[in-house]
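Take the sequences, apply the hints, and build the full model.
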Amino acid sequence: MKTRVLIVDDEPIARRGIRRYLAEHDGIEVVGEAANGISAVEQINELLPDIVFLDVQMPDLDGFGVIENVEPSSDHAPVYIFATAHDAHAIRAFEVHAVDYLLKPYDKERFAKALVHAREVLEQRGKTNRDLEPLLRSLRSVRPLERFVVKDKKRIFFVPVPNVLWIEATGNYACIHTASDRHLLRETMAHLEEKLAPHHFIRVRKSAIVNGACISEIRPMFDGVYDIVLAEGTIVTSSRRYAHKLRTLLES
Amino acid sequence: MILCAWTIVGLLFAVRHIVVVKAQGSHVSWAIVGALELVYWCIWAACTPIVIGLAKRFPLTGAKVVPHVAIHIITSLIMGPLAAVTEHFLSHGLVQTVFRTTDPAVLHLLPPFALSVLSMSFTGMLTYWLIVGLYQSIHFYQAALERQTIAAQLETQLSHAELENLKSQLHPHFLFNSLHTIGILMQEDVDAASHLLVCLGDLLRMALERRENEITLQSELDFVSKYLEIELTRFHDRLKVHMDVPLDLLGVYVPSLALQPLVENAIKHGISVDSASGRLDIIAKLRNGRVWLCVRDDGPGPAPASRLRFGVGLTNIQSRLKQLYGDDASLELTGGNDRGCEAIIIIPLRSSH
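As they're listed, the protein sequences go chains X and S.
Quick note on numbering that gives the first Met the number 0: the first sequence kicks off at 0 and runs consecutively.
Quick note on numbering that gives the first Met the number 0: the second sequence kicks off at 0 and runs consecutively.
Don't take each hint at face value.
[Unchecked claim] A short, non-exhaustive set of chain S residues, derived as facing chain X with CB atoms under 8 Å:
(1) Gly132
(2) Tyr134
(3) Pro171
(4) Leu178
(5) His179
(6) Leu184
[As the list claims (entries may be wrong)] Here are the simulated distance ranges between beta carbons:
(7) X:Leu249 - S:Gln317: 33 to 39 Å
(8) S:Gln322 - X:Met220: 54 to 60 Å
(9) S:Gln322 - X:Arg118: 30 to 36 Å
(10) S:Asp188 - X:His24: 22 to 28 Å
(11) X:Asp130 - S:Ala151: 20 to 26 Å
(12) S:Thr314 - X:Ser179: 31 to 37 Å
(13) S:Arg146 - X:Asp130: 28 to 34 Å
(14) X:Val224 - S:Asp337: 30 to 36 Å
(15) S:Trp291 - X:Gly26: 21 to 27 Å
(16) X:Met220 - S:Lys284: 55 to 61 Å
(17) S:Trp291 - X:His199: 53 to 59 Å
(18) X:Ser140 - S:His172: 40 to 46 Å
(19) X:Arg118 - S:Leu246: 44 to 50 Å
[As the list claims (entries may be wrong)] Straight-line distance between alpha carbons at most 35 Å, and here's what the computed DSBU-like set of lysine-lysine pairs gives:
(20) X:Lys107 - S:Lys267
(21) X:Lys112 - X:Lys205
(22) X:Lys107 - S:Lys284
(23) X:Lys112 - S:Lys267
(24) X:Lys205 - X:Lys194
(25) X:Lys150 - S:Lys239
(26) S:Lys284 - S:Lys267
(27) X:Lys150 - X:Lys205
(28) X:Lys194 - X:Lys244
(29) S:Lys63 - S:Lys21
(30) X:Lys205 - X:Lys1
(31) S:Lys267 - X:Lys153
(32) X:Lys153 - S:Lys239
(33) X:Lys205 - X:Lys107
(34) S:Lys321 - S:Lys239
(35) S:Lys21 - S:Lys55
(36) X:Lys194 - S:Lys321
(37) X:Lys112 - X:Lys244
(38) X:Lys112 - X:Lys152
(39) S:Lys267 - X:Lys150
(40) X:Lys152 - X:Lys205
Honestly, the hints are just simulated from the structure, not real lab data.
Just so you know, these numbers come straight off a predicted model, no measurement behind them.
Cβ atoms here follow ideal geometry from the backbone N, Cα and C, with glycine treated the same way.
Here you go:
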């Protein structure tokens, strides 16, 4: 069975280069090419490639955003080989989490080394489903999330983080509220809280996170419970358990 | 240290004195001769910290050299005789109490009060000036060493600034990506690869050799064009550049590296983050007698809720505008109505330096 490869890079010449280098190896089938992050997410979900060559810097959605938004697949997660020209944070994270990566410019020798290693990992299937979450988390601490990727039936689009007023937990989903719209994300509140901390979003109760920049008024109710009035009028009630987070915000 | 130095000097003089006295055929013991000589140098060893203190307080440099020299003349005139008197009584005391001798040959070595004080005062004053002079030369030497160190540090800082400058003109990300493009292109189309290599070489040379604060708009646009040529190869069909610059404006002076960072910004934040966009406008105009430069992209533009912030590149341009033109120049960044972003520099019109 051939190894199915997806090539993701926003520069056509770089994609051609990968194809050229791949042609020197047997048993490889290039199943697709993507020039941006969204197309990469769609193709990974659809084509279920074995190996993805993933450029870190890309329009719309960068390489890490791609991984965050790919639908989790327990039996067919691809092996990623990252490529970057110059990104100190990313390189440090790759090193720490022992992830395969290629530094541009690279030649066919280095390319072959990365490919051979990825194929070895593929053969020992157990290692394929390596959790990339720690890598993403360490990168998020230096590079805060800029926008949410929202998928509905027909399309994928972005919601910039500053546009989000508050987020509400609904079952297995999180509902993000903007001034004009609501979108469902498949995310846990704990996860979102962690990702959004650098943007001054605060967890005010188990099922709600509020954008600190959009709070217009905080009304003490009773016994450590507050009514938080947002810029466009929505009132979100905090719970006593999370009151300390609200107080930290007020003090800062 | 001081004591050590003076002991060596004193011993040298003591040996000299002993040799002279012995050569004269005197039978006086060498210990007494040596001790008498050492008395003088011990006094000056004790005085040295005071003299150095005075030399420190009233240095023989700077604007107040004349009054300082006067002070040292006066203090040497006081300390010289004072030391001489002290020496006279100490020597006599030494002979009478320690050596307990009335040997006329020994007493012969001790001149009468007036003669001793007069001659030793002169030696004392000379010693005083010797100490001041020595201190001053050590001080000069240390200052020279320090200046050398500072000069070396400044040089390092300067080359560091040059490197930072180069980095701000050509981002490593751009550089390495361009090298990768050349590497791949080499295997497909040697001519195209070498053309790109030459472009990158030109760009590097321009960035490295650029020294003036202001250059003609023509030179700045040359730099931008080289940069864009590489980006066009990399982004292929995704980037369309429109330049609208009247010929008669090409000779006006603009701050060097004013446009290139704006173009880079537009590509980085406008065009490369959004696959639907790709138009870049570079416009120069004369408006109300001032030069108006604009770089516009059709990217997604700034998010409505977020404020436009100046990054390192823009802050740099702004501070350089301030240095060059004071309040007579401006840099503005505005979002388009729906999409896009526009950076505008307005500077006074200058056709020569």
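Agreement of Lys194 of chain X and Lys321 of chain S with the hint, judged by alpha carbon distance not exceeding 35 Å: 39 Å, violated
Quick check on Pro171 of chain S please, does its C-beta sit within 8 Å of some C-beta on chain X? 4 Å, holds
Interface hint check: Leu184 of chain S, Cβ to nearest Cβ on chain X, cutoff 8 Å. Holds or violated? Constraint on Leu184 of chain S satisfied, holds at 6 Å.
Lys205 of chain X and Lys194 of chain X: Cα distance at most 35 Å? Holds: Lys205 of chain X and Lys194 of chain X sit about 16 Å apart, inside 35 Å.
Satisfaction of the hinted span 22 to 28 Å by the C-beta atoms belonging to Asp188 of chain S and His24 of chain X: 23 Å, holds
Quick one, are Lys107 of chain X and Lys267 of chain S close enough, alpha carbons at most 35 Å? 28 Å, holds
Given the hint that Lys21 of chain S pairs with Lys55 of chain S, test it: the Cα-Cα distance must not exceed 35 Å. 42 Å, violated
Restraint check for Lys112 of chain X with Lys205 of chain X, where alpha carbons must lie at most 35 Å apart: Violated. Lys112 of chain X to Lys205 of chain X sits at ~47 Å, over the 35 Å cutoff.
With a cut-off of 8 Å, does the beta carbon of Tyr134 of chain S approach a beta carbon of chain X closely enough for the hint to hold? 52 Å, violated
Does Lys239 of chain S lie within 35 Å of Lys150 of chain X when you go C-alpha to C-alpha? The hint holds at about 30 Å.
Verify the interface restraint on Leu178 of chain S: the C-beta must sit less than 8 Å from at least one C-beta of chain X. 4 Å, holds
Verify the CB-CB distance for Gln322 of chain S and Met220 of chain X against the hinted window 54 to 60 Å. Cβ of Gln322 of chain S to Cβ of Met220 of chain X: about 55 Å, so the range 54 to 60 Å holds.
In terms of the numbered hints stated before, the structure departs from hints 1, 2, 9, 11, 13, 14, 15, 17, 18, 19, 21, 22, 29, 30, 33, 35, 36, 37, 38, listed from lowest to highest.
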